[in-house]
Amino acid sequence: MANKIYIKNISRSQIKWRSALVAGLFIICLFIVVPAYANQGLDWLNAKANLGLPRLPDNGFSLGLDLQGGAHLIYQAKTDNIPDKDRADAVEGVRDVIERRVRGGLGVAEPLVQTTRVGNDYRIIVELPGVTDVNQAIKMIGETPVLEFKEENNVPERDLTVAETKQMNDFNLAAEKKAKEALRAVVTGQLDFASAALQYSDDIQSKNNSGDLGFISADVFPELYTWAKTRKDGETGDFLIKSAGGYNIVKRISQREGEKTVSSTNLSNLEYNVARILVATKQKTDIVPPKESWKTTGLSGKQLKRAEVTENTQTGQIQVALNFDDEGTKLFSEITTRNVNKPVAIFLDGQPISIPKVNEPILNGSAVISGGFTLLEAKQLSQRLNSGALPVPVEMLSQEKVDATLGADSLARSFKAGIAGLILVMVFMALYYRLPGLLSVFSLAMYAVLTLSIFKIIGVTLTLAGIAGFILTIGMAVDANVLVFERLKEELRWGKTLRNASEESFPRAWSSIWDSHMTSLISCFILIWFGSGFIQGFATVLAIGTLVNLFTAYTVTRTIMRLVFPLFKEEGNYLFLGYRRSSAAPVNQSK
Amino acid sequence: MNIPFIKYAKLWYVITIIVVLLSSASLFKYGLKYGIDFTGGSLLEVSFSQTRPAVDKVKAVLDELGLKETVIQGSGDYKFIIRTNFLTEDQHQLVLRQIREKFQTPENTLHEERFETIGSAISAQLRQRAVWSIILVNLGIIAYMAYAFRRVSRPVASWKYGAMAVVAQLHDVLLVLGVFALLGKFSGVEVGIDFVVALLTVIGFSVTDTIVVYDRIRENLLHHTGDNFAETVNNGLNQTLMRSINTTMTVLLPLLALYFLGGSTIHSFALALLIGMASGAYSSIFVASPLLVLVEKWQRRG
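Sequence lines, in order, name chains A and B.
With our numbering, letter number 204 in the first sequence gets 290, and the count goes up by one each step, no holes.
With our numbering, letter number 7 in the second sequence gets 132, and the count goes up by one each step, no holes.
Just so you know, not all the hints are guaranteed correct.
[What the hints assert, rightly or not] If you want a taste of the chain A side facing chain B, the calculated C-beta under 10 Å gives, among others:
(1) Gly110
(2) Ile114
(3) Trp615
[To be verified] Below, simulated BS3-like cross-link-like pairs (lysine-lysine); rule was C-alpha separation at most 27 Å, straight line:
(4) A:Lys225 with B:Lys310
(5) A:Lys171 with A:Lys263
(6) A:Lys225 with B:Lys193
(7) A:Lys377 with A:Lys443
(8) B:Lys310 with B:Lys204
(9) A:Lys502 with B:Lys204
[As the list claims (entries may be wrong)] Cβ pair distances, simulated, as ranges:
(10) B:Trp423 with A:Asp170: 55 to 65 Å
(11) B:Thr234 with A:Asp411: 51 to 61 Å
(12) A:Ser148 with B:Tyr133: 49 to 59 Å
(13) A:Ala260 with B:Gln218: 41 to 51 Å
To be clear, the hints were calculated from the coordinates, so they are not data collected in a lab.
By construction, the Cβ of each residue, glycine as well, lies at the ideal position given by its N, Cα and C atoms.
Kindly generate the complete structure, drawing on both the sequences and the hints.
Rendered as structure tokens:
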């Protein structure tokens, strides 16, 4: 392997080019790691030269639950009562239900819900970043999905009873009186607008902001807008304006040019900042609840035997077939009979998942939903239907949650430890190996920013274990440099010139560097392939670090050495470990 | 300067055997204290805004609830960590409610920092995976070494390099296990998944360290330096000595930073790595290389 070593002659200009490339890469990586500074620079350039350069995305690193806080839940799906071949689909349906619940019901922005198979067990892993009050989440996840068939609600709204009408009128009369009183107070100057708003306004926003409502458009506040259009800034209306919500006393504060939207109703797009005092009145809808657009039919997931994706034998169209049990067949035939040419909605957990139209009465309890599905859509719909028809109970196997403050504390501490470790290693290298050690500081800095930018680019999720792994690789990263510098020391001791010694030390140290990195990588890949979450996070970081290290140790250190070493005498000096004063006569050899 | 490492090989064997015996004794006598990752169970970390209640008072409340194998550990003035059997979410909420009722005051409020509960199915899986990953990593390393050293099959067969590297690494692993068995017995340190990760890293590092030494021996063998195998090995050791020391230093420095600054969550992880890495550097010089000479001697006799 290391039998013959030839020194390649590399011209000075080539070395300068390579150094420039390394420096450029360093700056790019630095900007990827801390884009805020780069963006400031880009903004400045854009402002000066109007180049229209895009800003770098300013995303942070993606942090694991142990660092940003959050919950990690593992559920077992109990699939005993489901035939073998349908289990995977059934579990996928549960996964979908859980994801919809945590997204919709809890508003978790980026939940991760995935299924995994361990032996014959199906498990569902739920990750809820940022959520630490998981009690609610756990309750929602454990609930059995509710599948309901609903039909259009045609029952007209009921009218107000006599008593209710009287009650409403009384309330509104009182409101009018109160509004007139407020108007009098404002017009006579008895109260200024702000304190009148505080005392009289039923609109919380204006009440707490001296009446200020912000800029309004014609769409949201048509009555106030119409009034404001004809007034001047600072003018207060001396009469009550009736709007849908009640009586308004309005003051125009200022106007501005609004967003340019083309609208037929409103050609001028001026917006007015107004203040108002609202005295609320009651309408019919405040007393009678608004009409629901769908009503329950009594048909639910319990009466649905199963749903499956089928193909129409004539058209080849993909469709979802439903099969009801006896009770379901009866209910469904009634529903379809009275809803021909009308839609019937299927709700899962209160959300409509499909609203097919009934073409004809279906009396035999087997129906198909068709309508230009892709295979994927059809599969999803049938999974959702089945999750209501054949609910798969889930049982929690494990729960892990970390409070956000604890996570932030861990992050801050490990960050501090990382910086301290980096500095200690740099100081050690510079003190022991002198000038070459100092040069390795650059290559270590390069290693740090390059690794971190790779984490960012490929989106490695950093966990506490991962950061520990990164800190560990800092120490390992200099190993390659140590191997080279030890060689350099030996070669200098043998009396070689600085140039020959440095050129030879790299290829001679290479086989050790390669072998040791390969064994690390083998371990890492076994762990990534076989390990569980914690181990994987650590091994991924270690693997990336090892690969980057192969590059920086060899390329970066070597380039910097080639750039800097010719500035010194041929035999070197005390800045180099291994320098011997007596060996003034250089030995010329290239082997 | 040429240190005659191999000449004193017997001394190193004695030291190594003592270390191995002591570690094994500690490991078999006390055993490791497994964390909930491997045994299943729950861990609840709570903090109080002013002062935490006394540990035995909390213990009394939890015993009343019928929790089993409960261990409560105070941590600083504000926090304590409760370890107990597997809790369902309802039981978890009940425990929190009880502690709140008994100890929370308007000034001294309770905050739940961390909660983990691991069922037996998961812990069994984690145990199984930990064992398999250790076996697979070792097999992978032996296979790679046999391949990398395939051109130096004389005087010692290439796979034996791999095997000796693994023996040296077992020494390091045993030492870490022994120390943690002691720590488990006397300061309640538990081992979980992170400990397995530390062990695997130690294995990787120890083998890497041995490889560098062997690599140099391989190079010396190919160049026929040294009169006999023992001398060749000794030369290799001397040539790589400073590298071994310095690499170990550069790995230990960040680990020391992690140990002292990294916070309590990462404490034992960093400690396991510190012990293992230091031992890894020792074993590549004082275990792996003398063993190689021993193997060659046996071969000649046999």
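Right, here's what the structure says about each hint:
The interface hint given for Gly110 of chain A is violated, since its Cβ lies 28 Å from the closest Cβ of chain B, which is over the 10 Å cut-off. Hint on Ile114 of chain A is violated. Least Cβ distance to chain B is approximately 26 Å, over the 10 Å limit. Of the supplied interface hints, the one on Trp615 of chain A holds, with its beta-carbon coming within about 9 Å of a beta-carbon of chain B, less than 10 Å. A distance of roughly 39 Å separates the Cα atoms of Lys225 of chain A and Lys310 of chain B; the hinted pair therefore is violated under the 27 Å criterion.
Restraint check for Lys171 of chain A and Lys263 of chain A: not satisfied, since their Cα atoms lie roughly 72 Å apart, outside the 27 Å limit. For a cut-off of 27 Å, the pair hint linking Lys225 of chain A to Lys193 of chain B stands: about 25 Å separates their Cα positions. Between the alpha carbons of Lys377 of chain A and Lys443 of chain A the distance comes to roughly 21 Å, so the proposed pair stays at or under 27 Å and holds. Distance check on the hinted pair: Lys310 of chain B and Lys204 of chain B sit about 23 Å apart at the alpha-carbon level, within 27 Å; holds.
The straight-line distance between the Cα atoms of Lys502 of chain A and Lys204 of chain B is roughly 23 Å, inside the 27 Å bound, and the hint therefore holds. The hint said 55 to 65 Å for the Cβ distance between Trp423 of chain B and Asp170 of chain A, and at roughly 56 Å that hint holds. The hinted window of 51 to 61 Å between Thr234 of chain B and Asp411 of chain A holds, with their beta carbons roughly 53 Å apart. Here the CB-CB span from Ser148 of chain A to Tyr133 of chain B is close to 53 Å, well matched to the stated 49 to 59 Å.
Restraint check, Ala260 of chain A to Gln218 of chain B: a C-beta distance of roughly 47 Å satisfies the suggested window 41 to 51 Å.
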